[in-house]
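Number of protein chains: 2
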Amino acid sequence: MRRFVAEKSKQHCNIFFNKKTSSFISPSPFYQSSIRHLTSASSPDSMAEPSPSHVTIQTINPKVLKCEYAVRGEIVTLAQRLQEDLKLNPGSHPFDEILYCNIGNPQSLGQHPINFFREVLSLCDHPAILDKSETQGLFSADAIERAWKILDQIPGRATGAYSHSQGIKGLRDTIASGIEERDGFPADPNDIFLTDGASPAVHMMMQLLIRSESDGILCPIPQYPLYSASIALHGGTLVPYYLDEAAGWGMEVSELKKQLEDAKAKGVTVRSLVVINPGNPTGQVLAEENQREIVEFCKNEGLVLLADEVYQENVYVPEKKFHSFKKIARSMGYGEKDVSLISFQSVSKGYYGECGKRGGYMEVTGFSTEIREQLYKLASVNLCSNISGQILASLVMSPPKVGDESYESYSSERDGILQSLARRAKTLEDAFNSLEGVSCNKTEGAMYLFPRIDLPQKAIEAAEAANTAPDAFYCRRLLNATGIVVVPGSGFGQVPGTWHFRSTILPQEDKIPAIVTRVSDFHKKFMDEFRD
Amino acid sequence: MRRFVAEKSKQHCNIFFNKKTSSFISPSPFYQSSIRHLTSASSPDSMAEPSPSHVTIQTINPKVLKCEYAVRGEIVTLAQRLQEDLKLNPGSHPFDEILYCNIGNPQSLGQHPINFFREVLSLCDHPAILDKSETQGLFSADAIERAWKILDQIPGRATGAYSHSQGIKGLRDTIASGIEERDGFPADPNDIFLTDGASPAVHMMMQLLIRSESDGILCPIPQYPLYSASIALHGGTLVPYYLDEAAGWGMEVSELKKQLEDAKAKGVTVRSLVVINPGNPTGQVLAEENQREIVEFCKNEGLVLLADEVYQENVYVPEKKFHSFKKIARSMGYGEKDVSLISFQSVSKGYYGECGKRGGYMEVTGFSTEIREQLYKLASVNLCSNISGQILASLVMSPPKVGDESYESYSSERDGILQSLARRAKTLEDAFNSLEGVSCNKTEGAMYLFPRIDLPQKAIEAAEAANTAPDAFYCRRLLNATGIVVVPGSGFGQVPGTWHFRSTILPQEDKIPAIVTRVSDFHKKFMDEFRD
Chain A
1 MRRFVAEKSK QHCNIFFNKK TSSFISPSPF YQSSIRHLTS ASSPDSMAEP
51 SPSHVTIQTI NPKVLKCEYA VRGEIVTLAQ RLQEDLKLNP GSHPFDEILY
101 CNIGNPQSLG QHPINFFREV LSLCDHPAIL DKSETQGLFS ADAIERAWKI
151 LDQIPGRATG AYSHSQGIKG LRDTIASGIE ERDGFPADPN DIFLTDGASP
201 AVHMMMQLLI RSESDGILCP IPQYPLYSAS IALHGGTLVP YYLDEAAGWG
251 MEVSELKKQL EDAKAKGVTV RSLVVINPGN PTGQVLAEEN QREIVEFCKN
301 EGLVLLADEV YQENVYVPEK KFHSFKKIAR SMGYGEKDVS LISFQSVSKG
351 YYGECGKRGG YMEVTGFSTE IREQLYKLAS VNLCSNISGQ ILASLVMSPP
401 KVGDESYESY SSERDGILQS LARRAKTLED AFNSLEGVSC NKTEGAMYLF
451 PRIDLPQKAI EAAEAANTAP DAFYCRRLLN ATGIVVVPGS GFGQVPGTWH
501 FRSTILPQED KIPAIVTRVS DFHKKFMDEF RD
Chain B
1 MRRFVAEKSK QHCNIFFNKK TSSFISPSPF YQSSIRHLTS ASSPDSMAEP
51 SPSHVTIQTI NPKVLKCEYA VRGEIVTLAQ RLQEDLKLNP GSHPFDEILY
101 CNIGNPQSLG QHPINFFREV LSLCDHPAIL DKSETQGLFS ADAIERAWKI
151 LDQIPGRATG AYSHSQGIKG LRDTIASGIE ERDGFPADPN DIFLTDGASP
201 AVHMMMQLLI RSESDGILCP IPQYPLYSAS IALHGGTLVP YYLDEAAGWG
251 MEVSELKKQL EDAKAKGVTV RSLVVINPGN PTGQVLAEEN QREIVEFCKN
301 EGLVLLADEV YQENVYVPEK KFHSFKKIAR SMGYGEKDVS LISFQSVSKG
351 YYGECGKRGG YMEVTGFSTE IREQLYKLAS VNLCSNISGQ ILASLVMSPP
401 KVGDESYESY SSERDGILQS LARRAKTLED AFNSLEGVSC NKTEGAMYLF
451 PRIDLPQKAI EAAEAANTAP DAFYCRRLLN ATGIVVVPGS GFGQVPGTWH
501 FRSTILPQED KIPAIVTRVS DFHKKFMDEF RD
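Chains as they are written, first to last, in our numbering: chain A, 1 to 532; chain B, 1 to 532.
No wet-lab data here; the hints were simulated from the structure. Certain hints may be false.
Stated by the list, open to error - Covered stretches of chain B, going by a simulated chain A footprint (3 or more residues, C-beta under 8 Å):
1) 196-202
2) 206-215
3) 229-238
4) 338-348
5) 355-368
6) 386-398
7) 412-426
All C-beta atoms, glycine included, are put in the ideal place defined by N, C-alpha and C.
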């Protein structure tokens, strides 16, 4: 029966994805079986039994079945099992810890939070201590001042109250000012929707735009699987466009046009274009000229530009700079009436990496009031995003300034993290490129490397025999040999017949040499074993 | 065109709701136009213009258009406008402040957070101060101890990291222990899914269960509009069952059976029963025997019991006690294999009322491992809920115990709030019952009163002339005359031809006498104006 389910699910994927990419998120039976370890039911019998309510895998919403999320998929489940093993039987594996390079979760790997941000959050959580004398000794003066300022922006200073559905107005004012400072163009606090991380904002837009399978969303391949997952959950069609690996994961407007026309010919109404800049999982930073072409394309085709700009602080090369799509559009003279543009931002990324706080926002421009009313209504159904996340979103868009007591320590923390990330990216890039049959583009930005592996035919056959994708086979072997967790390229999409994996650049710097050695040793042995 | 949209939207509702209740969430044109004030577009022109991407009200997902959420609907929009007016022109209205009785948001009306909970949150947000000497003077010893304990439960003590998709394991252990203590039956931490408030958990279950319009969810009428909204958004059918107002909003299993059979006859597959206990907006607390009948009904009919138990701490009458549905089911000898049961809990309600923290969980029992894997995957797509909310959920399920340093102050805060809520409920209930043509059931629990108003025929005609529902007409007049915001019964559903409104019991006690006077004066004048 389990096999039947996997087969059925695969069929759904074929409906939804371009034939060319049909491989990229087909659920492997391995995923179905391995995840079992993670969510053990109370009663061991319940595994074999159907639910008493007759809710079975055959009778749930098929869109749920179809959705996949590789970043927390089979490999992570295996990693968690190995970690349990290590705890119970130290020495049972050829490594003594699991290194999670599967997910952009910096603080889980030892990155410290920015002190100023945490001071302010702590004070806003417990305003009762704000005017106590001991507080002066524990917190910096500008953190205390900022906490007062934020509390004054919150009606009744009630950090435990639901806010306006779009988020606290004063915090949106601060965010809008931060955007203006970044872009040099006006930003309106009424355009800001604060959300629990960027993911709910993406879901909200998909929910608004997708009516049926006939509605398509242009997404990069490779892509961050939130997009394929949310398109699947909302019942739409992912229309892939390929990034050009040979050109440093470049984005060609000719490719966009081609895929748009192909989709139209198949009866798909393409509603929107997703651009991830800096790129995830691919790490490229778009050139300004390229961004202008993309804006022009969206304007001409009447597409909503969904700009995933959550890595806007993560740029590591001097020759590239982050420009928001809104800045680009406005600098081209395009305003509200010319292009519909959503920018997503999150407190989970940047140098702050506050994933657990679930803060984020979207800036919504170029929609009629009627449509904005509908978005407001969607936001209202979930009442509001969490207030700590809202406060943190205002802080990352308005950090300490020159002259503030915390400025020096803040900027040294920030620069230390960003410079270290740049070094780690370069070291890992070089290490991957030194491996036989591996080529890896530069990480210009974001938090990832996406090396390509030319797998020997024998390895591909062994993977097929094991009923798994060749890159998943490689990643599984890597994990079993080294404790290092990376995500197979098939979870993000890739040109058929090519194989990749995504690794974060996030392990702390003192761990990087060991990672390089372990990966190199593993890779050599793997190639020796499967060399044609 | 606006008129066309409203008409179109109304048609959708008719498809989705029982004819008997078709009135209850039909969107009024008033709603469509009044919300405009809340989300003003950057460019005033954009109101008249279609979006540049050709995204119009006619081309968005019709499920979004269909969804309504009265608690933050037209009346609140009007209230916000009046509040602006008062700020700009003090004295421009016959009241000097707006009193928001529309939403269960205690801290927005001056309720203080529980000190111990905030101490722990504050320390977890900024662990760097935990071992500083000044901290001893600012925080209670058991709060410091609890913060250490919680940090030890978090891998790497990283409160800024994404957690396990279901939430931090150690916190789920604490919550499971709290449930065991409450119920006297085992609870499994693997059954807990921590969420940003209870709303995302409800959405997750609707997403899992609803495949199409042919799938129905039995919901109480009156109901909390999250249910109608999420059923609409996920494209299912709300199958109403009526609570018996004459029997104190009693829940009759014969009514459930009747509505289930009616739905089946119309080709609707009913998948689940929603029960809200204590009731929202109706305030009743179910009797144990009644709960047993409901469990038996769900078991026999193979329905998933979705138990909204977010008001479990809010019971005000000595003759009633909260019992979780899981406790009831287990006490009947029913286990995992007998009934599928989800319990929703939230940090937003109870005596703590921490709405802005967005903490909550669902306890999922009686599903096969395969289904649980799908729920886990859905949770993974959004990574995890916010960690502060997770911590707070563990705190409300494990507050200070006798002997802890904070116990006395904690229990006095808790009892003070709950006793005051009980007094406020009684005063308001008596006040409503003293009004001509108004009858109001007792608030046994939760945070609301739902009085019924027998509106004079002339008032109904005046409402029709104003193109609005009669209860909305009444609430609007009440707001304009007194500044008091309540929600029309039509937002929750009611027996056709009856009219109600929902008022919270949350204004601080010193405001209650003035509210009573203002409502009484208004009501008398209203009745005098429209008396037949």
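Outcome of the hint check:
{"no.": "1", "hint": "196-202", "result": "holds (count 4)"}
{"no.": "2", "hint": "206-215", "result": "holds (count 5)"}
{"no.": "3", "hint": "229-238", "result": "holds (count 4)"}
{"no.": "4", "hint": "338-348", "result": "holds (count 4)"}
{"no.": "5", "hint": "355-368", "result": "holds (count 8)"}
{"no.": "6", "hint": "386-398", "result": "holds (count 4)"}
{"no.": "7", "hint": "412-426", "result": "violated (count 0)"}
Of the numbered hints listed earlier, the single one contradicted by the structure is hint 7.
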